[in-house]
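One letter stands for each residue in the lines below.
Protein chains: 2
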Amino acid sequence: MGKKNPTLYLVGLGLSPGNLTIDALNIIRSVDKVFMETYTSKAPGELIKQIMGIRHDVVFLSREDLEDRSGNAIMSELSKGRNAALLVIGDPMMATAHAAILVIAKRLGFEVKVINSVSIVCAILSQLGLSPYKLGPIATITYPRMGILSMRAYELLNDNLRRGLHTILLLDIKDGNEFMSAGEAIDLLRKMEENGKLGIINNDLLVIYAARIGWENQSIVVSTISNVPSLGETPHTIIIPGLLNPVEIDYLTYVLNADKDLVLKHQRWVNKLMNGNWQK
Amino acid sequence: MGKKNPTLYLVGLGLSPGNLTIDALNIIRSVDKVFMETYTSKAPGELIKQIMGIRHDVVFLSREDLEDRSGNAIMSELSKGRNAALLVIGDPMMATAHAAILVIAKRLGFEVKVINSVSIVCAILSQLGLSPYKLGPIATITYPRMGILSMRAYELLNDNLRRGLHTILLLDIKDGNEFMSAGEAIDLLRKMEENGKLGIINNDLLVIYAARIGWENQSIVVSTISNVPSLGETPHTIIIPGLLNPVEIDYLTYVLNADKDLVLKHQRWVNKLMNGNWQK
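Residue numbers (the numbering used here), protein chains in the order written: chain A, 820 to 1099; chain B, 820 to 1099.
Bound conformation, chain A alone (with noise of 0.2 Å):
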C-alpha cells in the first residue's frame, strides 16, 4: 500500500459518547480496520451502539487476544499493509496491555500513534473543583484474588493524608464484566482497617462518591464512610480528599451541596494525621 508504514492508531473514546473528539472521530471512519477492546475497562452499551453507528465492522478483542495472543489479530492487519485501530475506554493512559501492544507494533516496524482522550483521572478533579496540584498517587480497590486482599489502595491513602493529599479510588472490573459499586469498595476498605490498623477509615473521613461521570446522568454525593449513598448503575468512583483549599472547600460546599460540618470535621482530621498526632 504505497510507500508509508502502516500505522496502529491507539484510539481513547473517553467515558460517554458525547467525550468523543474530533481526531478519534476521523481515525474511526479512515482506517482500513477497528479494533476494540473492552475488558481494561467496562463499555458501556450505548458507547459501544455509537461505535458501530460509525463503523458497523468493528472486531472485538478479548484480554486473551491482546495478551497471549500479542494482538495477533491487529498484527495481521498491519502486516497487509493496513491501517489499524485499537479503540479504549477512556483516555488510553498506559495499561500494561495497550503498552505492550504498541510497543509489538513498533518492533516489527510499524508505526504507532495515541490518540487522547478524557480520563476519569482528570475528569473527576474537575467535577469536584479538586486542584490538580494536589492529587497523590491513585489506587484501584481489588477485590480478594485467591482469599487474598491487596492492602495497596488503604497503605497510599494513609500516605496521601498524611501529606493532604487527595486521593482518586478507582474500583476494580469482576471477571463477568461488572464495575464495583462504592458499597462493595467500602467493604474492603473496612477490612483493609481491620487488618491493617492505621485508624485512617473512620467516620471523620469526607468521602466523595462519584457515579458515571461525563453522562448526562452523573451523580456525585459528598458523604461519609458510615452512610454510603444509592448511586445507582456503575461506574463508580470514590475520592478521599486531603487538605482543603478555600475555593475547594466553598466548591463542595455550594456546587456539590456538601455538609460545612463535614468538611470542618474532615480538615481537622486531616491536619491531625498530617502534625502526626495520632499513633503511627
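Just so you know, the hints here were simulated from the structure itself, not pulled from any lab data.
Since copy identity is lost for identical chains, a pair holds within one copy or between any two.
With a straight-line cut-off of 25 Å between C-alpha atoms, the simulated DSS-like cross-links for lysine-lysine are:
{"#": "1", "residue 1": "K1079", "residue 2": "K925"}
{"#": "2", "residue 1": "K925", "residue 2": "K1084"}
{"#": "3", "residue 1": "K953", "residue 2": "K993"}
{"#": "4", "residue 1": "K852", "residue 2": "K925"}
{"#": "5", "residue 1": "K932", "residue 2": "K1079"}
Please arrange chain B on chain A, whose structure you already have, making use of the hints.
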C-alpha cells in the same frame, strides 16, 4: 428562558483542534453566549480560529474580567435568563479562578455544569507510555517573582524520586502570554539545585521533553538535563520518570527511541535515591 434556571457551562476545549469533543461542540453551538478565557493557559491561534469558525461572536475575557470583576459579564448574561459557556484550554481541571466563578454562579442561583476534555496531565502519560499509578504530585516551574525563585517544583521532584514516582513539570506562562521553554525550565531547575543542594539534578537523571502534545507536530525526546533538545514552538512539558517497570522501559526504548543505557543509568540512580544511599 422559561422555567428552567439558566446554566453556566465550563467547557474544556482540549489541547488541539482535534481534541474538541461532541459535547463541547454541541454546547458552543447551542448556548446563548460564549466566553473564552486565554490567560490560565495560552490558546494557540489555530484553536481560536476553529472556535471562531463555530461561533464568530465569542467574547474573550482577561484575568481582570474573571478575577477582579468576578466574571460580571458572565453573571449579567445568566441573570437575563440566558445560558452561557466559558471555554477553557485543556480539561477544566480546577484552576482556582474557574472554580470560584462556578461558586459565584451557583450562589446567585444558576445551574453550573463542567464539560470535560483532554488534559495535559493525563495526555502526557498516554503519550509517554508511563503508568498513571506511579504519578506523583505535579508541579509548575515558575519564573522568579520579585526576585524570589520558588523551590516548590524542586522539592516535589525530590519527594517523588525518593518514592519512585513520576513527576510532570508544567511550565509557567509569562505575562506577555508566552510559555516558558524547556531550556528556561532546566536553567531554573539548575538554580534550584544550587540553592537546595539535594544533589538530585545531575547527569544520571532521565528527562523526557515534550512539545505540543495532541498536535500533528507533537515532539517527544528522551534525553538528560545536560542535553536539552530543540523542541520548536511551545507549549513544552518536562517529565522526570521515577522507577520504571519493564513495559515502561520497552515503551521508552522502542516507541520513543530512548537510549537504553540512559534509561538503565536512571534506574540505578532512582534506586539509590529510594534506598536513601545519598546525602539527605
